[in-house]
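Okay, so the sequence shown: first residue is 1 according to this note's numbering, each after it adds one.
None of these hints come from the bench; they were simulated from the model.
In this text, all values refer to a predicted model and were calculated from it rather than measured experimentally.
Here a beta-carbon is modelled for each residue, glycine too, at the ideal position from N, C-alpha and C.
Treat the hints with care, as some may be off.
So the derived label-pair ranges between C-beta atoms look like this [what the hints assert, rightly or not]:
id	residue 1	residue 2	range
1	Val20	Pro47	15 to 23 Å
2	Ser45	Val20	18 to 26 Å
3	Asn30	His8	29 to 37 Å
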Amino acid sequence: MTARQSYHLTFARFSPSLSVKSFTASEAANTAYRVEITATSTDSSLPLS
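Put together the whole structure using the sequences plus the hints.
Structure representation (structure tokens):
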């Protein structure tokens, strides 16, 4: 993580934190919120499932 990165994700399930590259969020009447997050990690063995 660097000082230039404003957003980071952390999870209780595993220890690596993720740097958020981009995100979008949207809402509309009678639909659920939709959030898409693109994140990066320096941990190549990060469990993704």
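Checked hints:
1. Val20 - Pro47: 15 to 23 Å: 19 Å, holds
2. Ser45 - Val20: 18 to 26 Å: Holds, at about 20 Å.
3. Asn30 - His8: 29 to 37 Å: 33 Å, holds
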